[in-house]
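Colleague: Taken in order, these protein sequences are the chains called A and B. Residue 387 in the UniProt record's numbering is what sits at position 387 of the first sequence, and the numbering runs on without skipping anything. Residue 411 in the UniProt record's numbering is what sits at position 411 of the second sequence, and the numbering runs on without skipping anything.
Incorrect hints may appear among the rest.
[As the list claims (entries may be wrong)] Facing chain A, a subset of chain B residues (Cβ under 10 angstroms, in silico): (1) Lys3; (2) Ile39; (3) Asn46; (4) Cys56; (5) Glu222; (6) Leu224; (7) Gly513.
The hints are simulated quantities; they were obtained by calculation from the structure and are not laboratory data. Quick caveat, the model's predicted, so the values are computed rather than measured. Glycine included, C-beta positions come from ideal geometry on N, C-alpha and C.
2 protein chains.
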Amino acid sequence: MSKPVVLTIAGSDPSGGAGIQARDLKTFAAHRCYGASVITALTAQNTTGVQGVHPCPPEFVVQQLDSVFEDLDVRVIKTGMLHSSDITSVVVETLSKHYERIPAIICDPVCVSTSGHTLLDEDGLLVLKTSLIPLSLLITPNKSEAELLLSSVQGEGTKIHDLESMFTGAVRLLDLNPQAVLLKGGHVTVHMKDVIAVQEKFEAEGINLTVVKQNLLGENMEILSAFSDDLSDLELAVDVLVEKADNRRAMFVRPRIDSSSTHGTGCTLSSAIASELANGSHSLTKAVEKATMYTYLAIQSAVPIGEGHGPLNHLHNIRHSLIPHRMPKHLYPFTHMLINSCATSWKEYVEHDFVRQLGQGTLDRARFIHFIKQDYIYLKYYARAYGLLSAKSTSWGAIQSSTQTILNILHEIENHKASCLNFHITEGELDRTPEAAATTAYGAFILDIGLQGDANKLTMALMACLLGYGEVGLWLVKESRLPGTWVVQQDNPYWYWAQEYSGEMYQSAVKIGLETIELMAQADPPNKARLKEWIGVWEKCTRLEKGFWDMAMELKY
Amino acid sequence: MSKPVVLTIAGSDPSGGAGIQARDLKTFAAHRCYGASVITALTAQNTTGVQGVHPCPPEFVVQQLDSVFEDLDVRVIKTGMLHSSDITSVVVETLSKHYERIPAIICDPVCVSTSGHTLLDEDGLLVLKTSLIPLSLLITPNKSEAELLLSSVQGEGTKIHDLESMFTGAVRLLDLNPQAVLLKGGHVTVHMKDVIAVQEKFEAEGINLTVVKQNLLGENMEILSAFSDDLSDLELAVDVLVEKADNRRAMFVRPRIDSSSTHGTGCTLSSAIASELANGSHSLTKAVEKATMYTYLAIQSAVPIGEGHGPLNHLHNIRHSLIPHRMPKHLYPFTHMLINSCATSWKEYVEHDFVRQLGQGTLDRARFIHFIKQDYIYLKYYARAYGLLSAKSTSWGAIQSSTQTILNILHEIENHKASCLNFHITEGELDRTPEAAATTAYGAFILDIGLQGDANKLTMALMACLLGYGEVGLWLVKESRLPGTWVVQQDNPYWYWAQEYSGEMYQSAVKIGLETIELMAQADPPNKARLKEWIGVWEKCTRLEKGFWDMAMELKY
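Using the sequences and the hints, build the whole thing.
Modeller: Right, here's the structure in full:
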């Protein structure tokens, strides 16, 4: 249940596309991480560009860092816009003050905005290179950041213009002493032939290279190729990863996307990597693979917001849950929801005139007899439905439980027969009773749901009967205890019925039923369509139950 | 698809529990809103308290607001910590500058932190009261904020200590001219008898009062009461809403929770209300009802983070989606995932030696004959499975589609018989052929899945056959077109088979199959357990397909 804490140290973006607002909370949340964020500078920006920057006093950056480090167990740190040498320095100092062993740092060397605003000054760049990058597990420059960082590493600048120079540049950046470099390829167009050329070159040189193809059709996928572009013409975006350890290299190859929803792509990717690491990714390659795919899908599924470069859809991989959590004081949230979903028909069922008159002892004898005869017939359907549930089960536990229920029903039938005798109805008469349409409707509906859906949907069809009779029993007993109650126990020929359904044996079956559907809803959380189906089945059964008692009151067949 | 934009104007909290980090992005995200955030002040705080505050220059608050308002279509604004009179004033001015008709404002009058830090100075409070509150749709003070606001409204201060004084205080706050006041009851303990007393009092006075009971058992829920506390003893938390319009009043009543995960409860609630309004809630009462329930569950489901008052679980109502979105260039993400999920067994199936030898024309005649005889038997299972699918369907479209497939299979069978005659196998011989175990295994497995699960699971069992033969057909044709191909078309007695499965008629059935399962995965997005089941069925079928060809190669029964 506990979430790993990831800290971002960066600027804010009021429009929510980049900055801590995008990478921190949206990306971390999408990865089930808990996000903390220390703000280095406020920006005024939107999808059209950066309009202004207000740096935070370095000492207040320190104060924010102290508040976080003193209280939270930070697993991974991601740095973005650091703005100045002062801020960069105090970040490094504060880290060293709080940690003997500094948590994994992903340094996104944000320097210049697309609109030309300086996000890290020249002195800041120097401090970044000499003090933060050597502490970093990974740096994640794009083409221009890499060129800027390289311009001083090398005497002469290195230009990055194709896949080969991306690898050359990334390897040279290892000289700045991070553990690894991910050079982002968003601004370099690559074709599959370039990928193959690099692959062959490295193979010839004996260099270990992993090629991760993303959203590209692999082998044995001819049936999917009808609407896909020819791979050899496709424009690709390739990110390049080089690691100091074992001289490992990797390429992440995917189709280039033509989209204007790219505001904050870089910081989203580095935050996604930080999250994957915090979640315990086995290797950097695996973390980058997942994070690039996450970012790719976030761009693809974005809807336009604002007038310029809109934000990504950071939450593309989450959906809304429809069933509340079970809590110690709220053990049956799903059943609660079910009852509320059709409170009227549930009430018409469990407080039916038949039930009231039964409780008062005023119920017409012929109506009660009609009811118990039809109930005898109905229970055969009900037992068969549990047989079908058994046939649809996939675990021994489920087979055992439905079989036990059939045995319980057989026991109930014996009681039934005995009490029928009290009303002078023989077993022969029971067996000769014609089946009423209301009985057929209810019984056949349950079996139809059993044929038509899965075990869980069938379980839903079985619950209104099990739980409703338990509710009726408890309600009658509760009412009987109120001062001046309308319920009659003495000389009520039907009171035995209320006792049976409020009794320990039946109520323990009710509890098992409640437990079963609550666990089912947690283990198989339904999507909207399925929840609607489940509730539909439940509601229909409450109406069929009401119809069953109407049938008894009207002595109908 | 497009999300409504909600703007928060507030302070930041590096620990992520309160401030824009909590209410803005987490709460907005949980409500499917797009969050923008303008920072008024940075704080250094954590779960143990506020350690420092760094206000943002008012002119930079304006610049942030301008960036947002110039680019985004803000539907609802939520204000939190405004820190000073200057900032409060420029917020009101900037709003008036950008909007003819100001968007709905929810004003959370944050004044003092629990740890005693001033979050809004005295002058600021005055500006808030005179200029921001009158523009607000709703203000959401807690007990002490309400008392502070009231201390100057009234000559003498109003103390809020019970449910009745909460209503009195809330009504008096309407004098400050917001449209409505929500007085939060987190610091006032209430019992059910107090709720009933207020209900009766208002009824006597003819005042319109809505009582919303949350997470409390209602009527006809006897079966759920076994583990619930007695309602009359239960400590309750009640929020009180009063509206200027029609003198409407409402109470939101729920069990008090004993939890230390309450850092940022207030701002979470007001952000949730803002989100509900942005999403188009019909009434303020409905928005508050949903928002209080959201906040309640966020507290209940929180796990401890930090050493003091930990944050809420803002994302309790979201889950992770497992199937990527369909995109124009990625039409079959679910099938892509399926094939990748068992690439090895899929390859062993579609590139089986039987297929290779068939393509080369070197396949032993007896093996091919064994295969087509068993395929004739298998197809009867396969047709019956579509009959079962028809029986399990809930829409006319689904009934039509499975029935059409049976007709297609009947057509395939006629072709089958004709080509068998080419191999001198009569229909009588076909019907007399004993069924091989591999045929029974595959056919009976599909029917078992059909008995055991729902229509979608059965559909999964039908796909490996449909799609795999299409894949084999296309693969053989593709290979045949490569220079120096191993595939032989001339004088290959089996080539007709490759042509049939790569032909237009069969491939159009493949496309319908692809479309069917992609739509199915989007319409019925599986949870983890169901996805595992679906993939399990798919993989088992690919292995049974391989077994089918093994059987042919080994001439086995």
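Colleague: Now tell me if each hint is right for this structure.
Modeller: Against the structure, the hints:
1. Lys3: 7 angstroms, holds
2. Ile39: Ile39 of chain B check passes; min Cβ-Cβ to chain A is 6 angstroms, inside 10 angstroms.
3. Asn46: 4 angstroms, holds
4. Cys56: 6 angstroms, holds
5. Glu222: 4 angstroms, holds
6. Leu224: OK, holds: Leu224 of chain B within 10 angstroms of chain A, min 5 angstroms.
7. Gly513: 9 angstroms, holds
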